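According to the UniProt record's numbering, numbering within the sequence shown proceeds without interruption in unit steps and concludes at 265.
No lab work stands behind these hints, which were simulated from the structure alone. There may be inaccurate statements among the hints.
With a Cα cut of at most 30 Å, we get these calculated BS3-like pairs of lysine-lysine [stated by the list, open to error]: (1) Lys254 <-> Lys111; (2) Lys111 <-> Lys255; (3) Lys207 <-> Lys112; (4) Lys112 <-> Lys122; (5) Lys255 <-> Lys207; (6) Lys262 <-> Lys97; (7) Lys57 <-> Lys111; (8) Lys122 <-> Lys207; (9) Lys74 <-> Lys112; (10) Lys254 <-> Lys180; (11) Lys262 <-> Lys87; (12) Lys122 <-> Lys255; (13) Lys97 <-> Lys82; (14) Lys254 <-> Lys74; (15) Lys111 <-> Lys74; (16) Lys74 <-> Lys87; (17) Lys54 <-> Lys180; (18) Lys207 <-> Lys82; (19) Lys54 <-> Lys122; (20) Lys82 <-> Lys262; (21) Lys231 <-> Lys122; (22) Lys180 <-> Lys97; (23) Lys231 <-> Lys74; (24) Lys97 <-> Lys54; (25) Lys111 <-> Lys122; (26) Lys180 <-> Lys57; (27) Lys111 <-> Lys82; (28) Lys254 <-> Lys87; (29) Lys97 <-> Lys57; (30) Lys262 <-> Lys57; (31) Lys74 <-> Lys57; (32) Lys82 <-> Lys57; (33) Lys122 <-> Lys82; (34) Lys207 <-> Lys87; (35) Lys231 <-> Lys255; (36) Lys112 <-> Lys57.
What follows is a set of in silico ranges between Cβ atoms, one per label pair, in the way DEER data are often shown [said to hold, decoys possible]: (37) Gln41 <-> Lys207: 35 to 41 Å; (38) Phe39 <-> His119: 17 to 23 Å; (39) Leu179 <-> Asn253: 20 to 26 Å; (40) Glu150 <-> Pro219: 39 to 45 Å.
It should be emphasised that the depicted structure is a prediction, and the values quoted were computed from it without experimental measurement. In this text, a Cβ means the ideal position worked out from N, Cα and C, and glycines have one as well.
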Amino acid sequence: MKGWKILAWVLVILFINKSVIISLWQESHAYHIESCDEFSQVENASVIHQRAWKDLKYHADYCLSYEMDEATSKRASLFKNKISNPKAYSYPEFWGKVYRQLAEADQPYMKKVVDSLDHISKVDSLSYAAFAHAVVKMIQDIPYQYILSEACTSDYSDHPCYGNQRYGITSPVEFLYTLKGDCDSRTVLIYAILRHFNYDPVVLISKEYRHSMLALNIPAAGEYLTIAGEKYYFWETTATGWEPGIIPPGMDNKKYWDIALKHEL
């Protein structure tokens, strides 16, 4: 009888250890690209996106899955469509007011995405800079689309086009739902995500270049703007491979870049 009790305890201990090992293995591998196939799947009135991307600088592979319901995306679209043209004295001020309204209105509805990113950060013990790279490169990895305030035409045939969008932008929630975004759709989304994690991102805009870039005060090298005594490095978000501090060719005259959106302390 005593032998049976000892055997039973051994089996219980083995079962517990096996469960712990399986749990730890699943947690540590949940975001590795080897076990992650990208897909977008519609279920009822929601869409589930699973994204996989690489960060060559940190030799890292990431995977993230999140759900966004159609009603939340429609709410974001209705809010955007109701924004009246802001009173502004300049081009960057006008767009800054539009961007701020979109970012602040959508932030409460991005919980599933930021929770997944927070999990990645904790599981992989990412540093402050490494996590910023993970976020930006997730958005860089999503293929570029033109977002137009008017209907799409053959003039925009080199990339997919999403037309008749107020202000020619998808809001953070709209972008996360549709995966359709151009330059400022991306910079405003990244701004909203990084603000949630207490970074101090800046959205830059250029009327001359008709473009938007991110600027971030993390350790880097290359081109930057000095803002409040700190170096904020330019960061291109519309395609993979761009590191902070590199400005696309033909857009490197800094006098044509202005701050559109920055966190107000």
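Taking the earlier hints as the rules, which of them does this structure contradict? 1, 2, 3, 8, 12, 14, 23, 24, 29, 31, 32, 33 and 39
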